[in-house]
Structure formats: C-alpha cells, structure tokens
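*Asks:* We have chain A already, so just place chains B and C on it with the hints.
The chain contents come next:
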Amino acid sequence: MKIAVCVKAVPDAAAGRRIDEATKRLDRSGELALSDFDSHAVEEALRVKETSGDAEVVVVSMGPERAIEAVRKTLAMGADRAVIVSDDALAGADLLVTARALAGALEREQADLVLFGQQSADGDGACLWAAVAEYLRRPAISQVSELEVGGDAVTGKRQTEFGYERVRAPLPAVVAVSDAINEPRYPSLKGIMGAKNKPQERIAAADIGGATTPRTTVLALASPPPRGESRRIEDGSAADAAQAILEFLAEKRVL
Amino acid sequence: MRPSDFPPPWRVDEAIAQPSDDEPIEVDFLVVGAGPAGLAAAIRLGQLAPDTSVAVLEKGKRPGAHLLSGAVMRPEPLRALAGEDFPSYGRVPGEAVYFLTASRAVRIPVPPTMRNHGNVVVSLSQLGRWLAEKAESGGAMLLPETAAVSLLVDDGRVVGVRTGDKGRGRDGERLGRFEPGSDVRARVTLLCEGTAGHLTAAALSHFGLQGSSPQVWALGVKEVWRVARPLRRVIHTLGWPLRAGARYREFGGSFVYPMGDDMVALGMVVGLDYRDAELSVHDLLQELKTHPLVRGLLEGGERVGWGAKTIPEGGFVALPRAFHAPGLLLCGDGVGLVNVPALKGIHYAVESGRLAAEAAAGGDLASYDRALRESFVWEDLRGVRNMRQAFAGGFWRGSLSAGLATVSRGAVPFGDRATEPDADQELFRTDRASAYPQGDGKLTFDKLSSVFLSGNRTRDDQPNHIRLQTEVPRTLAEMWVRLCPAQVYELAEPADGDGGGGAPADRVGVRVTPSNCVQCGAISAKGGRLTPPEGGSGPEYSLT
Amino acid sequence: MKLLVFLEHHDGAVTKASLGVLAKARALGDAAGVVVGSGVRGAAEAAGGLVYAADDERLAAPLPAPRVDVLAKLVRDEGFDAVLFAQSVLAADVAAGLAARLDAGLNWDLVDLVEEGGALVGKRPALADSVWVDAGWSSAPALATFRSGTFDPASDAPAGDVRDAAIELEAHSLLAELVETVRDEDGGGPSIEDADVIVAGGRGLGGPENFVLVEELAAALGGAVAATRAVVDAGWYPYATQVGQTGKTVSPKLYVAVGISGAIQHKVGMQGSGVVVAINKDPHAPIFEYADLGVVGDLHEIVPKLTELVRSRT
Numbered sequence: 001m002k003i004a005v006c007v008k009a010v011p012d013a014a015a016g017r018r019i020d021e022a023t024k025r026l027d028r029s030g031e032l033a034l035s036d037f038d039s040h041a042v043e044e045a046l047r048v049k050e051t052s053g054d055a056e057v058v059v060v061s062m063g064p065e066r067a068i069e070a071v072r073k074t075l076a077m078g079a080d081r082a083v084i085v086s087d088d089a090l091a092g093a094d095l096l097v098t099a100r101a102l103a104g105a106l107e108r109e110q111a112d113l114v115l116f117g118q119q120s121a122d123g124d125g126a127c128l129w130a131a132v133a134e135y136l137r138r139p140a141i142s143q144v145s146e147l148e149v150g151g152d153a154v155t156g157k158r159q160t161e162f163g164y165e166r167v168r169a170p171l172p173a174v175v176a177v178s179d180a181i182n183e184p185r186y187p188s189l190k191g192i193m194g195a196k197n198k199p200q201e202r203i204a205a206a207d208i209g210g211a212t213t214p215r216t217t218v219l220a221l222a223s224p225p226p227r228g229e230s231r232r233i234e235d236g237s238a239a240d241a242a243q244a245i246l247e248f249l250a251e252k253r254v255l
Numbered sequence: 001m002r003p004s005d006f007p008p009p010w011r012v013d014e015a016i017a018q019p020s021d022d023e024p025i026e027v028d029f030l031v032v033g034a035g036p037a038g039l040a041a042a043i044r045l046g047q048l049a050p051d052t053s054v055a056v057l058e059k060g061k062r063p064g065a066h067l068l069s070g071a072v073m074r075p076e077p078l079r080a081l082a083g084e085d086f087p088s089y090g091r092v093p094g095e096a097v098y099f100l101t102a103s104r105a106v107r108i109p110v111p112p113t114m115r116n117h118g119n120v121v122v123s124l125s126q127l128g129r130w131l132a133e134k135a136e137s138g139g140a141m142l143l144p145e146t147a148a149v150s151l152l153v154d155d156g157r158v159v160g161v162r163t164g165d166k167g168r169g170r171d172g173e174r175l176g177r178f179e180p181g182s183d184v185r186a187r188v189t190l191l192c193e194g195t196a197g198h199l200t201a202a203a204l205s206h207f208g209l210q211g212s213s214p215q216v217w218a219l220g221v222k223e224v225w226r227v228a229r230p231l232r233r234v235i236h237t238l239g240w241p242l243r244a245g246a247r248y249r250e251f252g253g254s255f256v257y258p259m260g261d262d263m264v265a266l267g268m269v270v271g272l273d274y275r276d277a278e279l280s281v282h283d284l285l286q287e288l289k290t291h292p293l294v295r296g297l298l299e300g301g302e303r304v305g306w307g308a309k310t311i312p313e314g315g316f317v318a319l320p321r322a323f324h325a326p327g328l329l330l331c332g333d334g335v336g337l338v339n340v341p342a343l344k345g346i347h348y349a350v351e352s353g354r355l356a357a358e359a360a361a362g363g364d365l366a367s368y369d370r371a372l373r374e375s376f377v378w379e380d381l382r383g384v385r386n387m388r389q390a391f392a393g394g395f396w397r398g399s400l401s402a403g404l405a406t407v408s409r410g411a412v413p414f415g416d417r418a419t420e421p422d423a424d425q426e427l428f429r430t431d432r433a434s435a436y437p438q439g440d441g442k443l444t445f446d447k448l449s450s451v452f453l454s455g456n457r458t459r460d461d462q463p464n465h466i467r468l469q470t471e472v473p474r475t476l477a478e479m480w481v482r483l484c485p486a487q488v489y490e491l492a493e494p495a496d497g498d499g500g501g502g503a504p505a506d507r508v509g510v511r512v513t514p515s516n517c518v519q520c521g522a523i524s525a526k527g528g529r530l531t532p533p534e535g536g537s538g539p540e541y542s543l544t
Numbered sequence: 001m002k003l004l005v006f007l008e009h010h011d012g013a014v015t016k017a018s019l020g021v022l023a024k025a026r027a028l029g030d031a032a033g034v035v036v037g038s039g040v041r042g043a044a045e046a047a048g049g050l051v052y053a054a055d056d057e058r059l060a061a062p063l064p065a066p067r068v069d070v071l072a073k074l075v076r077d078e079g080f081d082a083v084l085f086a087q088s089v090l091a092a093d094v095a096a097g098l099a100a101r102l103d104a105g106l107n108w109d110l111v112d113l114v115e116e117g118g119a120l121v122g123k124r125p126a127l128a129d130s131v132w133v134d135a136g137w138s139s140a141p142a143l144a145t146f147r148s149g150t151f152d153p154a155s156d157a158p159a160g161d162v163r164d165a166a167i168e169l170e171a172h173s174l175l176a177e178l179v180e181t182v183r184d185e186d187g188g189g190p191s192i193e194d195a196d197v198i199v200a201g202g203r204g205l206g207g208p209e210n211f212v213l214v215e216e217l218a219a220a221l222g223g224a225v226a227a228t229r230a231v232v233d234a235g236w237y238p239y240a241t242q243v244g245q246t247g248k249t250v251s252p253k254l255y256v257a258v259g260i261s262g263a264i265q266h267k268v269g270m271q272g273s274g275v276v277v278a279i280n281k282d283p284h285a286p287i288f289e290y291a292d293l294g295v296v297g298d299l300h301e302i303v304p305k306l307t308e309l310v311r312s313r314t
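Protein chains in written order, with this note's numbering: chain A, 1 to 255; chain B, 1 to 544; chain C, 1 to 314.
Next comes chain A alone, as it looks inside the complex (with noise of 0.2 Å):
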C-alpha cells in the first residue's frame, strides 16, 4: 500500500509570522518548520502502515527548497521517503495553483491513500484537500477523527457541528485529518540521524504539467479596525455592575 501525506513547510510561530509589506504575502524568509496539523497527518501514516505491514509512506510538499528542513523531520519520524515540488515559478501560488501542482505530484506517485492535515497553521482554514481530491477525481472525507483502512475502502468518523458522521469511500481516496486524531510522536534519536540518508527527490513545475496562474490576489493590507472606546465600571454595587453588563451584552447584541 502507498500513502501519501501532503505537508506543509510554514514560518515558525516563535519567528513571528509577518506579512511582508511590499509583497503582501507572508513573510516565507524565516525559519521554516512543519506545520503542527500536518504532523498529525503523519502521524497517521506511520500508524496506518504500522498495522498493515507493509506500505509506505510518501510526503509530499510544495515549497521553496529551504522547505527541506521541515520536511525532513517527517522523515525521523519513520516516513519513508519524501518529494518536494520547488520551483520559484510557484511562488505565490494560491489555493488553486498550489493543489493542482500537489495532485500533478500525486498522480506521479499513485498512491492509495492521501492525507492532509486538517488547517494550513499559516493560512487558516484552506481546503486543500477538496481542491486536490477534485483534481484527483477521488472521493475525499475531511475532518476525520478517526481512520479505519481496510482492503481496498477507509471509513472516517468526522466531527460536524451537529455531531459525528461515518462516511466510507472506496480507495484511492483522500483524507483530511483532525488533530483530535492522534498524538503526533516525537522522532527517536535514530529516526533524527537516519533521516539524512531517507530518499528526498525535488521536482519541478514543469515535471508535473506546469505551474498555473494563481485565481485570487492580495489587494493591501491595513491595521485592524479599532476596537471602539473600551468602557470601564469600577464603583457600585455588584448588582449595579451586573446590570451594566447585561445592558452592554444587550447593545452588542451578543446576547
């Protein structure tokens, strides 16, 4: 069995991520690290290959070639190989161009099962995964808590918000994971020294069809609308100021 996990190399939080002012794209110049969703990703791989087997387990990123670091800690964590798309002419790709060029990678690889992290850490709700499955024409189950892969179908448990679902699809199919899914493990020692040596193959635009036109655009940036005069209540009695609050819940209309 092949599974495939796409991952996302993203800035790392403690670098403080940044809109860079005159591309008005994130700051990408920094550290780089995994994104924390994606490990659970992962994670989930190295649990469905451990109970099959035998399978491997494929990452497979998009991202400038300093992406390679991140990349790499999947790898000490027990995947097997890994497959970066850089090139600059991707740069600045957008929802679209990035999933397009994912399921040129992917088509590549065949794989039987693809699984995503549930959020980009540093683009906050993309649906990649519905993008790319479309691309695919392979069904996709998203928000999944939990896995079960059988023969030839995975059934998922996914959280909605009006309870849970059990939704089944026949493989190939694509699967975006919850971080309620699993504890991603930290790579062991060996994991971290064997990594080096784990096959990394770097492809380019132009060795999955090309690089597409990005649909959407980043217009300006500005500060956040100010938060309105913040009010204060401090003398009176503890009905008084009950009162108040609720008169203020009232007139947000958060009541």
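What the hints contain is simulated information worked out from the structure, not anything from laboratory work.
Don't take each hint at face value.
[Said to hold, decoys possible] Subject to a maximum C-alpha distance of 25 Å in a straight line, what follows is the list of computed DSS-like cross-link-like pairs (lysine-lysine):
id: 1; chain 1: A; residue 1: Lys252; chain 2: C; residue 2: Lys281
id: 2; chain 1: C; residue 1: Lys123; chain 2: A; residue 2: Lys252
id: 3; chain 1: C; residue 1: Lys2; chain 2: C; residue 2: Lys123
id: 4; chain 1: A; residue 1: Lys196; chain 2: A; residue 2: Lys2
[As the list claims (entries may be wrong)] Just some of the chain A residues that point at chain C, by a computed CB distance under 7 Å:
id: 5; residue: Ala130
id: 6; residue: Pro139
id: 7; residue: Thr160
id: 8; residue: Gly163
id: 9; residue: Val167
id: 10; residue: Arg168
id: 11; residue: Val218
id: 12; residue: Ala222
id: 13; residue: Pro224
id: 14; residue: Ser230
id: 15; residue: Arg231
id: 16; residue: Ala241
id: 17; residue: Ile245
id: 18; residue: Leu246
[To be verified] Now the stretches of chain C that chain B is said to cover, found in silico as 3 or more residues with beta-carbon under 8 Å:
id: 19; segment: 232–240
id: 20; segment: 263–269
Heads up, the beta-carbon is just placed ideally off N, CA and C, and yes, glycines get one too.
*Replies:* Relative to the frame of chain A, chains B and C by itself:
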C-alpha cells in the same frame, strides 16, 4: 540567612550514569552544545578528520535558540577557523563608557581592559545558526531538540551521554507520545554546554577537576530594539541603577551596542553575589531605559527581542585544574573561559573548541590542556584574574583595586583572591522594588511580556525541571521571585487557595511555573538547580 | 452582479448563517440561493426569493462532491459572477471542490464583501486577527466563504420563487457514502473552538470549587467554558479548555474573562474575539487594556448576579 542554607534536592552526581542502552547510537566524536565552542569543535573535526562521524547535541529547538550574548567579539579566532563571511554588524564604530547617576551620564575614559578597537558586533544567536550550517556542510550531524541528561561513565572513562526522554507528563508519567532517551556513545565526548552546564558540573565533581575557587555568575538580561536613529558607538555604563556600597555587592553595568543602522542591543549584567532580596535584574534593565541617555536612544523605536542568560565570572581562579579526563574534553563558558573586565568569551569559546578538536582528532586528550595553557586564552585570563573579586569591597574600592591590577598584570597583594559562592551571600531586604517601573508596554515591560518575546512556547504539562525547596523563609522566596527574569517563581499565598496555607508559620510556599523558564541558569547560582527540561523547550532566540 | 448563495440546511430549514449570506448577496446585486438535498423544497421556499432546489435521493447525505456537480452546472448554465458560502465543514469542502472544478479563485474566512470600482473585494482578518487583508479575484466566477455568523438574515424574506436545478452527477462524486450519522444530543455545549460565547476562568476564582460560577454563566449564555494556563497548571480545570499561546486559539463573538489577569500569553489565544468583557478585582490587570468592557469588582458577587439576570431575560 543565605540561600545555601536551603540547598535544593539535587546531587551533582545524579548526572553520572552507566551505559544501559542495548542499541546505543555510536559516533566517533560527540559534542554536547551547539554554541560557539561546540560548533567550532565540530567544524575543526570536519576539517581534520572528515571520515569520522561527529554528532552535535543541542537542547534548544535549533542552533541559536538558546544562544545569547551582548556581543562584541574579537574576530580573529573565528576568521582563522571558518573564514570571513560570518554574520556580523560590522566593526565597533566608536566607543564610550559612562558612569551614570539617576539623572546624569558622566563620560569616563575607557578602561584599558575594555577597549574594543578591531572588534565586531555580532548576534550570538545568528552566529550560532551560521556556525551550525558550516559544521553540517563539514559533515557534522546536528541533533537539535535533544538534551543530554547524563554523562555515561564506564570503568572510569567517559563513553558518551544519555539523552533525555520526551513525552513525560507533569508527574513524570509517560504520555501517549513518550519517547525514551538514547545512549549516544563516542570515543571522545566534548562538553560545550555553556554557562552552568549540567554534565560539566557532574564531570568536574566526579573526576575531581574543580579549580581552587568556586565558580560565580552574573545574570545578563538583554533586549533588542528596532530604533529610529542609528547608534554609532558601543556604549558601556557603570553606576546607576546599581548601588556602590559594599554591603550591596552589586557588581555589573549595562551595554548598548548598535546592530547595523536600525537596531540596537542593550542589556544589564549584574553579579549574582548581590544581597538585596528585592534586586531584579529584569527590572533594573527596565529602569535603565528610563535614564535620559538610554531613553533618547530608544525614542521612536520598538522592542523586538528579549532574553536572559548567566555568565560565569570566576575567571582564572575558578578554572578547573584540568580540562580533560579519560574520554572527555571541556570547553567554553561551561568551564568559565570568560574575561570579565573585557566582557569577552565568544572568541575563547571558539579557540577552546578548536584546540579540543585538535586534541581529540590526534588521540591525545592531555595535549588539549597543554595547548590551552599555551594559548592567548590562558594569558588573557591570567592577566585579569583578580579583578572580579576586587569588587567584593564595593564599587569604589573595587575600581581602585582593579585599576591597580591592570598595571600589575593581574597580581594583587597577598596572593590571588578566592571567589565566594553566590549562594553563600547573606540576604537582606530593602525597598528596592518600589522604584521598578510598572511597565507601560512601550518603553518598559513586565516579565511575562518579556518571556513571550523570547519565543518561549514550552508545553505546560512537562515535568518540573527546577530543583528547589518549596517551603522556605519569606526573604529567600522573595529573592527567587525577583531573581528570575522569567517569572518562574511566585509566592504561594494562603489566599490563593492552592498550597501556601500548608507551610509552617515562618515559611512561605514557592510556586514554580517551569514552562516560563528561559534556562538562564540564575537559580543554580542562588539556592536552586536548573536541570535540562525536555529537548526543544525554552526560548527560541533569533536576534540575541 | 449575479450572485449564487449556497444555502446549507439542517432539520428541514436553511441555516441562519446561510440566510445571512443570502441577505448580504441581495444587498450586492441579483442573488439566488441554491439548496441541495432530498426533500428540500420546503426549506427552499421558506428561504424566500429566487432559490434553486436540487432535490434528489442521491443528494440526501450531506457530502460535498455531488454538491460541487450541482453548483458547477448551475454556474455554467446561469452565468453567475460570484458564488458565496457561509463557512461550515461542508461548505468549505464544497467551495474548494467547486474552485478546482471551475478554475475559479476562492477567498475564505471573509468578514465582508464590497464592490470597489466594479470588482469584488473581500475583507478578512489574518495572523490571529492582527492584520486585515483586502482579497481580490482575478477570475470569474469569484468564490467566497464567510466567517460563520458574519451577516444577519433579512428580517423579512421576499416571496419564495423555487426553481429546479439540473442534476448531473459525475461518477467520482458518488464514490463516498454516508454509513452512519450520530447527532449530538447533549454534547455538554459547544466545544470552545466552535463556541460563539466563551466564559473563561482564571486564578482570580480562588479555587477549583469556584469554577461552578463560570459554568453556570456559560450555560445561561449558551456558551463554552475555558480556562487559563495558570488554573490548568494548578489542576483546577482540564487542559482541553486552556486558551492561550500554549493552549487553544478561539475567536467567539463574546468572551467573558472572569478573574483573569490577561498576560500576553493568554491574550494571543483570544484576541480575535468579537466582544471582550473582563471582571477582575485588580484595576491594573493587563486584561483591562484590551477588554471592551472592564469591570473592577468581586467576581464572586458579580458573576452569580449576572447569571441570574441572563437567565431571567432568556
């Protein structure tokens, strides 16, 4: 009452262990610590013995994450080892030393030991990242997020280290993602742990290598600011906000260094032999910024970095009597190779790392000691060997004594003076804290904001890595609360409802929040003990 | 401008969030809704105005792929300039799939949409709400999802005009099947990540036994309970409820901070909240610097009284 009257529940030899792993990792040379000493060693080993395996363990998230210094560095040793293109903010453009009072700044001649002509301003954290890349391209394997928790000794010989477990919970229990540490074995282990090194302390004790005088430390707290106008000189200050009287024993001063045209580094360094329980180096730095001289430099600027770290200040008399043992070499700040009057240590670390690598590659560890003693490191440290101790008598007597010692190449009447352990200083209390700024969020800040800026995101449910007695007299507890720049310690008042009420009448409880810890090491000097937490914890410095 | 709004439905009615987006779309131009499912004509009618209904047994399960097919066909047949969604688990998947199908740009997590110089511009907060971004499209149609609850439904809907939408499903759209659905009867309230209202307790509560004050206020407001690092460290409340730098990041419409000092480590976990009310006895607590309403007083007295008032009002 002294901190040493309440020693922490810790034994220095806890960190000595027998090898026990059935499947150890084997390398030829093991370096503990990816700082200037360790990385210099790794680079040199890559040059001398390219066919050997060199592993560098680093407890921080990445090389540079735990590195902090002023810093003005003498560049020659690094250039000779690794070339010209290391990151720096250029040569020291000019310098000035001021004696401060609360409102004035009196310019004084630059003491000869402090002259910085020809030196360069660097960020040690950035330098560490660069050195790590160099070491890796020379073949070294860098293993960040990996703490070395015990020194493996087999039959009197150091055979490697044991790395720390990951994934333990608050009470030491194994969590779902528990990963045990490993034994890493090597022919030669080079301990380059930096200040208050965990394994270094164990090694010095186990092999009986301690020097004639105990080590003492200073705590440095530093900020990096983006500024509106370039600073064109390196500035050092003495005097305010420190107090000159002998009873206070407040030795230290501040620095302000330009980092290019648009940033400055500034910091406050205070010896940990201070006696006033209300002294807080973090807050002294905040006070310093309100001085007209400093405030003017920061006007229109923004704080972009913060950190804290201790500096070993014992100098020559506190050096170990030997720097090697079977299978072991000791380098850098971990063994106190710091020139206190000149405020220099980085180039000594680089030199000691290089010499250690040469001895290791040549298979003759004793030759390291010889090489160190014949190097400029030894000569420099010997020449300033009594200066720090001179300040035990307060600022004025100390300056006089230090000044005389410059002329005498370090010698003082009646022989070299011993240092006294910081934890042996008697504590008293003044109302020093009443002068600390509240924290306006623009010029001055509170400790938690500072910890946030250090990049510290340590997970909260780790075991507590601080060893401390937690029911102690109030004055001692308050000293710890003020001492720690990261607000790790708080008084557990009975009103809080979580433990303070259980202490006997003359004691208070101490609450520890280990996840705030930036691993500066100050607690180890003054009555507690810092042990390495899970690898990857602590600050994530990038500009310090 | 012709806009199509995806109307998600539950229990026979279109969701309030979707109706809100529909109202916004109507303010921007000619808007139509589309409801996809089985037995949904009633919901489509009730939504009011022009609404397409794709009503088929095969569409009963709330799975995204068949909805992509329906919307794609509708867009191609009717020529919509924009397709709008209220953010939800389902909507996110549909929007992204549709974007890929139509090669159309998708901007998500928007809190507003305006027309500037003939083009649509979406407004969204980014980087934990610390900066706002103007997002545009360089394609047609423009796809957008909106943060849940951003817009209010129209107070009165126009008369319903329901039309059938063509249903042509691709083979791969029917591969996934819903095997089981379990409804959350009483999940104990919303999780803190989804909650519209959060009441958080800090060390000022004094002890774990006082968390009941927080719980009761949260229940009265229909919200979730959260905790600060300090009280989680002390074992007063579980780590799953911790808000902050090393806990969860939340952005409810209302955040009530009870006995919380508000250090930056906490702030970064909730600074995206709509309205922040803080109750603390220390007038210098940092939380008052970013609370919309700061109440200096004894929480042990104020909170129970507030709970009572909220209960009697609702």
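*Asks:* Against this structure, judge whether each hint is valid.
*Replies:* Outcome of the hint check:
1. A:Lys252 to C:Lys281: holds, 24 Å
2. C:Lys123 to A:Lys252: OK: Lys123 (chain C) and Lys252 (chain A) at ~21 Å, within 25 Å.
3. C:Lys2 to C:Lys123: holds, 20 Å
4. A:Lys196 to A:Lys2: holds, 21 Å
5. Ala130: Constraint on Ala130 (chain A) satisfied, holds at 4 Å.
6. Pro139: holds, 4 Å
7. Thr160: Interface hint status for Thr160 (chain A): holds (5 Å vs cutoff 7 Å).
8. Gly163: Check passed: Cβ of Gly163 (chain A) comes within 4 Å of chain C, closer than 7 Å.
9. Val167: holds, 6 Å
10. Arg168: At about 5 Å, which falls below the 7 Å cut-off, the nearest Cβ of chain C leaves the hint on Arg168 (chain A) intact, so it holds.
11. Val218: holds, 6 Å
12. Ala222: Where the cut-off is 7 Å and the nearest Cβ of chain C is about 5 Å from Ala222 (chain A), the hint holds.
13. Pro224: OK, holds: Pro224 (chain A) within 7 Å of chain C, min 5 Å.
14. Ser230: For Ser230 (chain A), the interface hint holds, since the closest Cβ of chain C sits about 5 Å away, which is under 7 Å.
15. Arg231: holds, 5 Å
16. Ala241: Check passed: Cβ of Ala241 (chain A) comes within 5 Å of chain C, closer than 7 Å.
17. Ile245: holds, 5 Å
18. Leu246: Holds: closest Cβ of chain C sits about 5 Å from Leu246 (chain A), inside 7 Å.
19. 232–240: holds (count 4)
20. 263–269: Check passed, 4 qualifying residues.
In the structure shown, no violation is registered for any of the earlier numbered hints.
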